[in-house]
Each structure stands twice: as C-alpha cells, then as structure tokens.
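Work out the full structure, taking the sequences as your base and the hints as a guide.
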Amino acid sequence: MLYEIYFLSHPDQNKYNSEEKNIKILGIYSSIEEIGKAIEQFHKQGKFLDSPNDFIIEKYELDKSYWTTGFILEKNIPVWADKKVVYTGETSYEFAHRLCSEYGYDKEFITWQYSEYASLAEYAKTIHYVYILWHYYETENYDDVIKLLGIFSSYELAKEAEERYKKLPGFKSLPYYFDIDAYEINQMQWTEGFGLGFLDEDIENNNKTYE
Numbered sequence: 004m005l006y007e008i009y010f011l012s013h014p015d016q017n018k019y020n021s022e023e024k025n026i027k028i029l030g031i032y033s034s035i036e037e038i039g040k041a042i043e044q045f046h047k048q049g050k051f052l053d054s055p056n057d058f059i060i061e062k063y064e065l066d067k068s069y070w071t072t073g074f075i076l077e078k079n080i081p082v083w084a085d086k087k088v089v090y091t092g093e094t095s096y097e098f099a100h101r102l103c104s105e106y107g108y109d110k111e112f113i114t115w116q117y118s119e120y121a122s123l124a125e126y127a128k129t130i131h132y133v134y135i136l137w138h139y140y141e142t143e144n145y146d147d148v149i150k151l152l153g154i155f156s157s158y159e160l161a162k163e164a165e166e167r168y169k170k171l172p173g174f175k176s177l178p179y180y181f182d183i184d185a186y187e188i189n190q191m192q193w194t195e196g197f198g199l200g201f202l203d204e205d206i207e208n209n210n211k212t213y214e
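Going by my numbering, the sequence shown runs without a break in its numbering and finishes at 214.
I should point out that these hints are in silico values taken from the structure, not numbers from a laboratory.
Glycine included, C-beta positions come from ideal geometry on N, C-alpha and C.
Hints should not be assumed to be uniformly reliable.
Cut-off 27 Å, straight-line C-alpha distance, at most; resulting in silico cross-link-like pairs (BS3-like, lysine-lysine) [as the list claims (entries may be wrong)]:
hint : residue 1 : residue 2
1    : LYS40     : LYS27
2    : LYS87     : LYS62
3    : LYS150    : LYS128
4    : LYS50     : LYS62
5    : LYS67     : LYS50
Cβ-Cβ distance ranges computed for the label pairs, FRET-style [claimed, not checked]:
hint : residue 1 : residue 2 : range
6    : SER68     : ILE28     : 51 to 59 Å
7    : GLU64     : LEU199    : 42 to 50 Å
8    : GLU143    : VAL88     : 30 to 38 Å
9    : ALA41     : ARG101    : 29 to 37 Å
10   : GLU93     : PHE197    : 43 to 51 Å
Set out below in structure tokens:
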C-alpha cells in the first residue's frame, strides 16, 4: 500500500509576462525513481527545453489533509505559524523547513507555490523584525520597574548590549532580569483590545471604602 505520493509539475514562463509562471501538472507518481523516468521521457520528447532543470517535485502523505488549521488571509500562512520569528542568518527556506518540522510535516521535497512550506518561505522574505531589550524587576512593595534599554536590528546586537548592561551599576546587581522580545515591524499589537474587568473591580472596591 502506498503511504507517500509524489507530485511532478513544471513552472512554464508566460511569454507575455516575464514575472508570471503557469504551473503545469505533469503527473502523480509512486516513487522518485518513477519521477526520474518521467523527466527523462519529457527530455527525450523535447519538452521544456527552455528550462530543463525547473521540474518541481513534491512529496505528500497519502490520505493526509493539509492546511487543517485554516490560514491567515493577510499573510497567506497557516494559523499555527503566526507570530513565529525568523532567526538571524536563517534563510526563508530554512525558516519554512524548521516550522514544518516542528509541526510534524516532512517537507523534504515540497517546493510548490501552493504548499504550506512554500507559503511560509515566501512570507519569511517579507517580514522584518527588531529586537527590544528590556530590564524589569519587582520592588519590595510589589511595584514593577520596567526599563526599555534599546531596540536593535538583530538578536545578536541585543544580546551584546545585554552583556554590557550587566557590568553597569544597578544592572549588575540584578543580572537575571533581562529579556529580549522580537517584534515585527509595522505589525499592530493588541489588535483585540483589552478587558477593563479588573480596573472596574478596583474602582468599585475603592468606592465601597468611602461609603
């Protein structure tokens, strides 16, 4: 019984639009060996001579559903991939492979424009992050003291700054209270607002005190 299936296609360049490619589906095959035979036949027939090395091979699990969590319309990525960070030095394909591997997908061959892998790779090319270095601690009176120490273009620069701060007065007494957060540039935060329940409760309690 087949457990894996291979999808062969080819991106045919639109002669009227250099940026547009039309995907031609060339067949579904049971193994890489069968795909190799098919590609050899296409070459013998003189097909796709303008781009003989552009064949796309995708591997899928048979009877498995994809995009099962839906997708985020504005980003065209699976819901489970939202808020994920591209590591410094990580290519868009490494980003896609890491996320798919974490989510349990084997994406060794998946490169097609409509797959989750490819959508993640394209998305990674468009997102840019900055890294905020924070220092925060709680006083004896349970007051939070938060300091924004800088916004950096890479995690490494933020980490280097953290090491410098650890040598300064005050900070060196509290060396374990640093934190680095990644934020996507031009991405709104708190988009669902926030609840005032606790604030209303505090006001009500204060009013009762003076009754």
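Verification of the supplied hints:
1. Between LYS40 and LYS27 the alpha-carbon distance is near 18 Å, which keeps this suggested pair within the 27 Å criterion.
2. A distance of roughly 24 Å separates the Cα atoms of LYS87 and LYS62; the hinted pair therefore holds under the 27 Å criterion.
3. Between LYS150 and LYS128 the CA atoms are separated by roughly 32 Å; this puts the pair beyond 27 Å, and the hint is violated.
4. About 23 Å separates the Cα atoms of LYS50 and LYS62, which keeps this hinted pair within 27 Å; it holds.
5. A hinted pair counts as satisfied when its Cα atoms are at most 27 Å apart, and LYS67 with LYS50 does not qualify at roughly 32 Å.
6. With their beta carbons about 20 Å apart, SER68 and ILE28 fall outside the hinted range of 51 to 59 Å.
7. Between GLU64 and LEU199 the CB atoms are about 47 Å apart, so this pair conforms to the stated range of 42 to 50 Å.
8. A beta carbon spacing of about 35 Å between GLU143 and VAL88 agrees with the range 30 to 38 Å that was offered as a hint.
9. Against the hinted window of 29 to 37 Å, the Cβ-Cβ separation of ALA41 and ARG101 comes to about 31 Å, which satisfies the hint.
10. The supplied range of 43 to 51 Å is broken by GLU93 and PHE197, whose beta-carbon atoms lie about 33 Å from each other.
When the structure is compared with the earlier hints, violations turn up for hints 3, 5, 6 and 10 and for no others.
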